[in-house]
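2 protein chains.
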Amino acid sequence: MKILIIGATGTIGRAVAEGLSGRHAVIKVGHRRGDHQVDLASLDSIKALYRAVGPFDAVVCAAGLAKFGPLAELTERDFLLGLSNKLMGQVNLVLAGLPVIADRGSFTLTSGVLSMEPMAGSAAISPVNAAIEGFVRAAALEMPRGVRINVVSPPWVKETLAAMGMDSSTGQPAASVARGYLAAVDGAMNGIVIDARVYAGHGA
Amino acid sequence: MKILIIGATGTIGRAVAEGLSGRHAVIKVGHRRGDHQVDLASLDSIKALYRAVGPFDAVVCAAGLAKFGPLAELTERDFLLGLSNKLMGQVNLVLAGLPVIADRGSFTLTSGVLSMEPMAGSAAISPVNAAIEGFVRAAALEMPRGVRINVVSPPWVKETLAAMGMDSSTGQPAASVARGYLAAVDGAMNGIVIDARVYAGHGA
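Residue numbers (numbering that gives the first Met the number 0), protein chains in the order written: chain A, 0 to 203; chain B, 0 to 203.
Hint data in this document are derived by calculation from the structure and do not stem from the laboratory. Just so you know, not all the hints are guaranteed correct.
Identical copies carry no separate label here, and so any pair may be met within one copy or between two of them.
What the hints assert, rightly or not - Okay, derived cross-link-like pairs now, SDA-like style, lysine to any residue, Cα gap no bigger than 20 Å in a straight line:
hint: 1; residue 1: Lys46; residue 2: Ala71
hint: 2; residue 1: Lys27; residue 2: Asn84
hint: 3; residue 1: Lys46; residue 2: Arg76
hint: 4; residue 1: Lys157; residue 2: Asp56
hint: 5; residue 1: Lys46; residue 2: Ala187
hint: 6; residue 1: Lys1; residue 2: Tyr49
hint: 7; residue 1: Lys46; residue 2: Thr74
hint: 8; residue 1: Lys1; residue 2: Lys27
hint: 9; residue 1: Lys46; residue 2: Leu73
hint: 10; residue 1: Lys1; residue 2: Lys157
hint: 11; residue 1: Lys1; residue 2: Leu181
hint: 12; residue 1: Lys27; residue 2: Asp77
hint: 13; residue 1: Lys46; residue 2: Ser20
Could you put the whole structure together from the sequences, leaning on the hints where they help?
Following this line, the structure appears as structure tokens:
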């Protein structure tokens, strides 16, 4: 299969690319790096990406911005960042990709465990992650031509915590988080929210 | 308590107003009717509402637009309607209301069962409802001064189905849906998604 990985230069995307590249043709898409570039916040940029890559079988998105911060300091603008980028970026990948994706292709999006397990500071992230999961559950009912759509919900990733200078002992290694994406791409599921923590302990 | 009901002229809002008005001072807010008017899609309009009503103890919102339609026909614009109106309208009611709501006051928002139980046609509504629930779960962790926040998830309402000329036999009467809102306002819960169907069979 020819698979587009959006966010392929990020921590999770890189691990997904490594996991898929043995048996699939992987096209790495980044915001500024990779084989192709895309601005998730722009539907025009997403359409241009699809025109540039031609026919494809699957899209994995492991990208998207949202704002973390105390509720008392969050503004309307902070909410709109996540809604326009992480949420609508992924929705638009599906809306613009549906007419061109191959029969029996698949979309695999990314939410995050803050959707159902919030923490102080996640008031503008939890709704974005929950919305992505709500979209996937609903859109799965109307996928044409055997196309599937699923979403992976990752916890804090060990390499991300380490890069932020935080305690990474509770983080899940990116290679095992990536297993959730591989299951969605290579499997038969549709409309599923995949908790990446079930793959903790599995290597790449 | 002095309670603002946003959407008080709608089917659910009217039933909530009736249920609360015996023991509380109810201020009815509508888009065009009611004691005060507000445009949920405008943060400025929401701020003007709070300035006009003065001190208050609770906000109930039973209003908000979102687009129902086949996935193949939905556009980015259809998603943005629900995000800017039903989602950000309710988020902004909280952001702008938090500095002025009374100690131990409460916000009670509205989502809908399509959040977790989608149907064909709900791809732009399910994410909005899920996002409202994600916001409430997260924001509840940071409410100051004993303020509480909850969300009621209503099913199809009997009176709404009848007004649309559809089979209303499976709909839940607005008076029993309203019981979920009354429980949120008069109770002690915080961060809860209240499935209004648990009140089916209860009258007003």
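Quick rundown of the hints versus the structure:
1. Taking the closest pair of Cα atoms, Lys46 and Ala71 come within 20 Å of each other only across two copies (16 Å); inside a single copy the shortest separation is 37 Å, beyond that limit.
2. Proximity of Lys27 to Asn84 under the C-alpha cut-off of 20 Å is restricted to the intra-copy arrangement: shortest distance 19 Å within a copy versus 36 Å between copies.
3. Taking the closest pair of Cα atoms, Lys46 and Arg76 come within 20 Å of each other only across two copies (16 Å); inside a single copy the shortest separation is 25 Å, beyond that limit.
4. Proximity of Lys157 to Asp56 under the C-alpha cut-off of 20 Å is found in neither arrangement, the shortest distances being 30 Å within a copy and 44 Å between copies.
5. In this assembly of identical chains, Lys46 and Ala187 lie within 20 Å of each other by CA distance neither inside one copy nor across copies; the values are 27 Å within and 49 Å between.
6. In this assembly of identical chains, the alpha carbons of Lys1 and Tyr49 lie at most 20 Å apart only when taken from the same copy (13 Å versus 54 Å across copies).
7. Taking the closest pair of Cα atoms, Lys46 and Thr74 come within 20 Å of each other only across two copies (13 Å); inside a single copy the shortest separation is 30 Å, beyond that limit.
8. For the homomeric pair Lys1 and Lys27, the shortest alpha-carbon distance inside one copy (11 Å) is at most 20 Å, but the shortest distance between copies (56 Å) is not.
9. Proximity of Lys46 to Leu73 under the C-alpha cut-off of 20 Å is restricted to the inter-copy arrangement: shortest distance 16 Å between copies versus 31 Å within a copy.
10. Proximity of Lys1 to Lys157 under the C-alpha cut-off of 20 Å is found in neither arrangement, the shortest distances being 29 Å within a copy and 48 Å between copies.
11. For the identical chains of this complex, Lys1 and Leu181 are intra-copy neighbours only, at 14 Å inside a copy versus 54 Å across copies, given an alpha-carbon limit of 20 Å.
12. Taking CA atoms no more than 20 Å apart as the test, Lys27 paired with Asp77 passes in neither setting, with 29 Å inside one copy and 30 Å between copies.
13. Taking the closest pair of Cα atoms, Lys46 and Ser20 never come within 20 Å of each other, the shortest separation being 24 Å inside a single copy and 52 Å across copies.
Checked against the numbered hints given earlier, this structure breaks hints 4, 5, 10, 12, 13; the rest are met.
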